[in-house]
Amino acid sequence: MTGDTQPSGRILDARLHLLDHQVLDRDDVPVMVVGDLELEDAEPGGPAPYVTSLVTGPVLGARIFGGRAPASRWQRLPWRLVADVGVVIKIAADAESLDLAWVERWVRDQVIARIPGGRHGP
Amino acid sequence: MNRLLGVALGILTAIGGFLDAGDLVTNAVVGSRFGLSLAWVVGLGIVGICVFAHMSGKVAAVSGRATFEVIRERLGPRAAGLNLVASLAVTVLTLIAEVGGIALALQLASSVDHRLWVPVAALAVWLVLWRVKFKVMENVTGLLGLTLIGFAVAVFLLGPDWGELAAGLAPSVPANESTTTYWYYAVALFGAAMTPYEVFFFSSGGVEEKWTVRDLATSRLNVLIGFPLGGFLSVAIAACAAIVLLPRGIAVDSMAQLVLPVAQAGGMLLVAVVIVGIAAATFGAALETALSTGYTLAQYLGWSWGKFRRPAHAARFHLSMIVALVVAVAVLATNVDPVAVTEYSVVFSAVALPLTYLPILVVANDPEYMGEHTNGRALNAVGSVYLVVLTVVALAAVPLMIVTRAGS
Chain A
1 MTGDTQPSGR
11 ILDARLHLLD
21 HQVLDRDDVP
31 VMVVGDLELE
41 DAEPGGPAPY
51 VTSLVTGPVL
61 GARIFGGRAP
71 ASRWQRLPWR
81 LVADVGVVIK
91 IAADAESLDL
101 AWVERWVRDQ
111 VIARIPGGRH
121 GP
Chain B
1001 MNRLLGVALG
1011 ILTAIGGFLD
1021 AGDLVTNAVV
1031 GSRFGLSLAW
1041 VVGLGIVGIC
1051 VFAHMSGKVA
1061 AVSGRATFEV
1071 IRERLGPRAA
1081 GLNLVASLAV
1091 TVLTLIAEVG
1101 GIALALQLAS
1111 SVDHRLWVPV
1121 AALAVWLVLW
1131 RVKFKVMENV
1141 TGLLGLTLIG
1151 FAVAVFLLGP
1161 DWGELAAGLA
1171 PSVPANESTT
1181 TYWYYAVALF
1191 GAAMTPYEVF
1201 FFSSGGVEEK
1211 WTVRDLATSR
1221 LNVLIGFPLG
1231 GFLSVAIAAC
1241 AAIVLLPRGI
1251 AVDSMAQLVL
1261 PVAQAGGMLL
1271 VAVVIVGIAA
1281 ATFGAALETA
1291 LSTGYTLAQY
1301 LGWSWGKFRR
1311 PAHAARFHLS
1321 MIVALVVAVA
1331 VLATNVDPVA
1341 VTEYSVVFSA
1351 VALPLTYLPI
1361 LVVANDPEYM
1371 GEHTNGRALN
1381 AVGSVYLVVL
1391 TVVALAAVPL
1401 MIVTRAGS
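Those protein sequence lines, which keep their order, are chains A and B.
Note that this note's numbering has the first sequence beginning at 1, numbered continuously upward.
Note that this note's numbering has the second sequence beginning at 1001, numbered continuously upward.
Because the hints were derived from the structure by calculation, they are not lab data.
Bear in mind that the values here come from a model prediction, so they are computed numbers and not experimental data.
A virtual CB, placed ideally from N, CA and C, is assigned to each residue, including glycine.
To be clear about the criterion: a stretch of chain A counts as covered by chain B if any three or more of its residues have a C-beta under 8 angstroms from a C-beta of chain B, and this derived list gives those stretches:
#1 25–36
#2 60–73
#3 110–121
Construct all of the structure, not just a fragment, from the sequences and the given hints.
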């Protein structure tokens, strides 16, 4: 159904290979679960469209309850960061450096890191 | 010793399923009302949890993926979300009961009112979640929980008529109980044996311990020792009650009555041993359910999780466990009976059972995940039969609970 913009343009089944799969960063830290896909050149009956980004965040609610999340609130992971699609999706970046990790960062900085021992290994 | 410690994960997981605060009391209730005529359900439950825990452990070891990640991937966000809500309800209700159960065990030992022990118990659970290594946690609670073997010792010390006890194993409804009540307890025991948080905890524990294909034997050993041991101890508790309480017509309704047969059999010393076991089992089950809350949420939503990471590197995972413990303390502050709380978890368990075990069976058959370790035919046959049983139990649980007014 979909391909990527990299050399080979691998054909992927959105439902089987991408949707609801776990995304890990280069150190195997979980980043997100793919909630939805952003496509380019999607025309009914046309050639396979390209995936431009993996989306997470409020799109999950839209998939469960129906409706559409406003595009401004989508949290996107650009497809060019994707390094491998297998049982999990690996990206070639640190989770830390991504915009969509802001909730995790906020909880860490405002709550968890302030409790004594929060920054130490168990 | 290393071999023994190697199966600590299985023992701790089984404690949460068969010997948590609610089950300790339910086993004694069942023994005092039905004798051993429901022991076959525990046997059925042991085989079922062994089959599916084996598959989830295998998936974790071979693909490094914990069960709830697989559930969302295979069922999609809607069905997995329904499972998440139902499982979280079971898990948090059980956590409430466990924190209350630790407090009750401490009351048995200290005579200080259990309501005063609740915040202390919750704080102790949190400190272990926050600071203690997974390995140390499972070894200590697993080994101390083994002192529940005191119940089996008590059965021998009571010196029952073994022929009569064995005859009582045959499934039959006692004259003074109704058939629906019998089946309600059968469903409750089966649901407790196969509670979903066991496979969530077991598979996530495998990931925490960084299992690989080479650890498949460890996984199998954990399953084959842990769950049958847990089931055996739960039958021993029922047997104690059946020998001492059933002939005298004493109905169990609190944790203190649980140790009456033990006191009669082995005096204060054996009671002390068993109380250590009860405290360790409820504490272990509290850890298991609190962690399962974090695991399921984090795996469904794709957060960073795991006790092997620093809390700051799994911030939302730790925050959700803190919230769960705060909820537990708040609910217990309303003076609710901690043991009664678990009775209602049967309802949520019913919804979650098929939705949990179907995806495990599907992924254990997916060669992309499992390679050469894909399920064999025999395992699939047993797994499929159990899925049918689980669906029947899921459909029957709620009507039975309403008809029997939760077994009363």
